[in-house]
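As you go down the protein sequences, you meet chains A and B in turn. Each step along the first sequence adds one to the number in UniProt numbering, with nothing skipped, and position 48 is 48. Each step along the second sequence adds one to the number in UniProt numbering, with nothing skipped, and position 359 is 359.
Rather than coming from a laboratory, the hints here were simulated on the basis of the structure. The beta carbon of each residue, even a glycine, is placed where N, CA and C say it ideally should be. Where hints are given, some of them may not hold.
[To be verified] Restraint-style ranges between C-beta atoms, simulated for each label pair:
{"no.": "1", "chain 1": "A", "residue 1": "Glu-292", "chain 2": "B", "residue 2": "Ala-186", "range": "48 to 58 Å"}
{"no.": "2", "chain 1": "A", "residue 1": "Glu-53", "chain 2": "B", "residue 2": "Thr-41", "range": "38 to 48 Å"}
{"no.": "3", "chain 1": "B", "residue 1": "Asp-32", "chain 2": "A", "residue 2": "Pro-5", "range": "37 to 47 Å"}
{"no.": "4", "chain 1": "B", "residue 1": "Trp-31", "chain 2": "A", "residue 2": "Asp-183", "range": "17 to 27 Å"}
{"no.": "5", "chain 1": "B", "residue 1": "Leu-394", "chain 2": "A", "residue 2": "His-85", "range": "49 to 59 Å"}
{"no.": "6", "chain 1": "B", "residue 1": "Arg-231", "chain 2": "A", "residue 2": "Asp-181", "range": "22 to 32 Å"}
[Stated by the list, open to error] Which residues of chain A face chain B? A few of them, derived with a C-beta cut under 10 Å, are:
{"no.": "7", "residue": "Leu-100"}
{"no.": "8", "residue": "Arg-113"}
{"no.": "9", "residue": "Gly-382"}
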Amino acid sequence: MNAHPYIPNSVPEVKREMLAAIGARSVEDFYADVPGRIRLDRPLDLPPPLRSEAELVRHVGALLNKNTSAQEALSFLGAGCYHHHVPAVVDEVVNRSEFLTAYAGEPYEDHGRFQALWEYQSLMGELLEMDVVSVPVYDGYQAAATALRMAGRITGRRRLLLVTAVAPGRLSKIEDYVRPDHDVVLVPVDPATGLADPAAVRAELAGGDVAAVFADAPSASGILDPALPALAEPAHEAGALYVVGCNPISLGAVTPPSRYGADIVCGDIQPLGLPMSFGGMNGGFIATRDEELYVGEFPSRLFGLAPTSVEGEYGFGDVAYERTSFAVREEGKEWVGTAAALNGIAAGVYLALMGPQGMREVAETILANTRYALDRLAEVPGVLAPYAGAPHFADFTLRFTGSRTAAEIGEALLEHGIFGGRVLSGTDALYCVTEIHTKDDIDRLAETLQEIAK
Amino acid sequence: MKTGPTPSPLTPADAEIGPKPPLRRFHQARWDEPLLFELGTPGERGVLPPLSQVPADVVLPDGLRRAAPPALPELSQPQVLRHYLRLSQENLGADFNVDVGQGTCTMKYSPKVNDRFVRDPKVAGLHPLQDERTVQGVLEIMYRLEGLLKEISGMDRFSLQPGAGSAAIYTNVAMIRAYFAARGEAETRDEVITTIFSHPSNAACAKTAGFKVITLYPDADGYPDIEALRRAVGPRTAALLITNPEDTGLFNPRIEEFVRIVHEAGGLCAYDQANANGILGITRARDTGFDLCHFNLHKTFSTPHACGGPAAGACGVSAELAPYLPTPTVEFDGTRYRLDDDRPESIGKIRPFYGVVPNLVRAYAWIMSLGGAGLREAAEVAVLNNNYLMAKVLQIRGASVPYAPGRPRVEQVRYSWEKLAEETGVHSEDIGVRAADFGTHYWTSHHPYIVPEPMTLEPTESYSRAELDEYAAILAEVAREAYEDPETVRTAPHRSTVHRAREDVLDDPATWAVTWRAYRRKVLGG
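One chain only, chain A, in its complex shape (with noise of 0.2 Å):
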């Protein structure tokens, strides 16, 4: 074949030249124990290759070109993925080919990633006010997989009260995982509220055997329970951990988890400035105390800064390497490999730009935005907010009592460029609003649904 641009030596002269080099025939030389059996004689049956960089350009973009964008449309789809506002500033560092072709350096060629990764652990740190906090892991699933896991190894006990509304995908996630070593119990939330129950958490924490009692701040219905600051203190009781997920843009306006006793602290930055790529672009964190039985629990690196041989200078590297994968397999902890790190980058850039006052303004903004949505739309007639009592942050859940379900109304908010909610049952939709929506979005949303939700 032609010389591909992507392949240097695959200029033909090239390659006669290097095999005569090393003394072989052919690169079949090179497959010698690859037994007849088991090759491939025929070629791949894949379509044509695109030859022409303008033609791969042409063919993707066409694909592309079948989908409509939230950005195009009026979205009000939340549910676990978020639609921010991504400062131009994130895009341009994490862009950089430094950055994003870069892989598992050592410090000495890739300081650049080791301090961007430790000043994104300490951003959080500052946000979540922990010392410790890993660098990235996959995903807000994970991390609430590991946390508890963590919780699991350090209390030596088997049995999880899930406390708050979970959302299904997570909680699939949690059982998978936490499988061979813990049971999952499903605290009921009062059906009429939406809020945990702190009675039955009691009651199930008396049931001994507890390793953690875990809540989502807000919860999957987007509500911030009053009941969480009065968790921890029965679950500590217990000697179970209290393990709290929460959305980190949040924080600016809602206290941090540890302030009101939280063990280990997880989520996903995705909200901090990662865009929404169809559900692809996350990252979990997982936080907890600068204690050795609580860094020592950790599967994930974490960096840690420490001087170098130049008196002043700061150097970086992994702490406690040894309680990882990468250094005793199975006998680490769970395991490690690669994960999400540049998110974690956007995510420090985020806060880095957003600095106190702009966490404090677009989470205020967004609890502001999630009040005046959960408001106005239950005037709709037809529309109840169920749990609207409750204080909310940017999920909130609606309620159609007319003729249509919630599913058919998705369907006609989409024939107007509205996206609906997630539907969640025949009545009821998990609806979002961010900082990004203005009041007219929310009106309009108001003006769209007295229409069609009679």
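Given the coordinates of chain A, assemble chain B onto it according to the supplied hints.
Showing chain B alone in chain A's frame:
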């Protein structure tokens, strides 16, 4: 301290491997960039978010209103940009160097055009819960990518959901567990067999999922020990997790027999295809009898490694295991693409939503730009480059390739500097640090060091002959220094951003500092 180029008269042996032009002069950027927390001034702002246009001051319950804003630094926008761009310059991406020293990780060129696709709002601006009619393009790409991977591997179905290679290994182990649970053998089949030259995650994921791990060591020739396998298998065997070629670069010629032995014992076989780059179009997982496999899309199919992710994994399975794939799968009815969540035997969710979609788009574009013949060309050139580089490295004093002398290697080679270390006291790790002074990256290998003083090089198809010559010349120069001037190597780096950090500080609970908060408390005292 040496800071300039180190020209030296070439010996005839050096001339063989010497680059033209000679070793380039390099110095990593050094900005003495402060920590972010040492920058800024109270009141500075980096970006202003929208303020609410509706009544604000939402009342939060007691204990849920943050008392004081987070103690983040306060910086203006140009300060943030300059800080991070200086850090970026203190980082050596694959786009800048002959990045063949991260063996086992397949560092290859990620075409820039593919990055353009994923920045487009038609990818970046999609919400995963949009109506399927509004995301037919991205679903079609996922469906087509599955089809391409099926042909490349021979498998019947794929999930594109895992977040990276290790997540894919875990996904395969979770499916193996579900398969035996469905057959009522969950309690009895509790052992997984792997090899010491497979990625640590094979052992670690199996353990995490509740299996006992049995590790096979190499035989005298470096191939996985088939007699050890025969001793290990039995009624407790759930699966074999194996890489082939292994990280030594050796392709196991008895791989079919391995699969047969495990199948006869009632176990499943999962092929870790982290090292697939050298065998694309040559041999396929399913044709060897494997029941499951996984690809690291960021490695084999060229998505950027991004400082250690986001990556993407893909799990392929036989029809028998397809019911256990993570949910949802992407289906096509001849007219419309849709997500299928109705999969009662599925292991459920492995990560949020459907996968690291930007990397799925990149991988699709990469395969479409090569086609079947191009994939095979990539494999063959990668293997040619590898054996060419091996011939060069074997000319360097102190370097050797353990096991199976004279046998070819596939896409990488695990070398040993044992002789050099014995003769000079310079270790493989020192060579890696010194290599950074020449503008390139080199990492030793995964632990444990079964091969003493290891170095694993994986040139892939992305580097030119001149670049391979350059890399070999850097190694030759460092080896020469080890013999003639070992202090220069032992005290490296000399042309880096920083000097060697004190490892003891990082291992001591009293001094480690994972965040600025901890550093402030432990070191600065407040």
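Hint-by-hint comparison with the structure:
1. Between Glu-292 (chain A) and Ala-186 (chain B) the beta carbon distance is about 35 Å. The supplied range of 48 to 58 Å is therefore violated.
2. The hinted range of 38 to 48 Å is satisfied by Glu-53 (chain A) and Thr-41 (chain B), whose Cβ atoms lie roughly 46 Å apart.
3. Evaluation of the 37 to 47 Å hint for Asp-32 (chain B) and Pro-5 (chain A) yields a pass: the beta carbon distance comes to about 39 Å.
4. Separation of Trp-31 (chain B) from Asp-183 (chain A) is about 52 Å and departs from the stated range, judged on CB atoms against 17 to 27 Å.
5. Taking the beta carbon of each, Leu-394 (chain B) and His-85 (chain A) are about 55 Å apart, inside 49 to 59 Å as hinted.
6. The beta-carbon spacing between Arg-231 (chain B) and Asp-181 (chain A), approximately 29 Å, falls within the hinted interval of 22 to 32 Å.
7. Using the Cβ-Cβ criterion of 10 Å, the hint placing Leu-100 (chain A) at the interface with chain B is satisfied: the shortest such distance is roughly 5 Å.
8. Interface hint status for Arg-113 (chain A): upheld, as the beta-carbon distance to the closest one in chain B is roughly 5 Å, under 10 Å.
9. For Gly-382 (chain A), the interface hint is violated, since its Cβ never comes within 10 Å of a Cβ in chain B; the closest pair sits about 21 Å apart.
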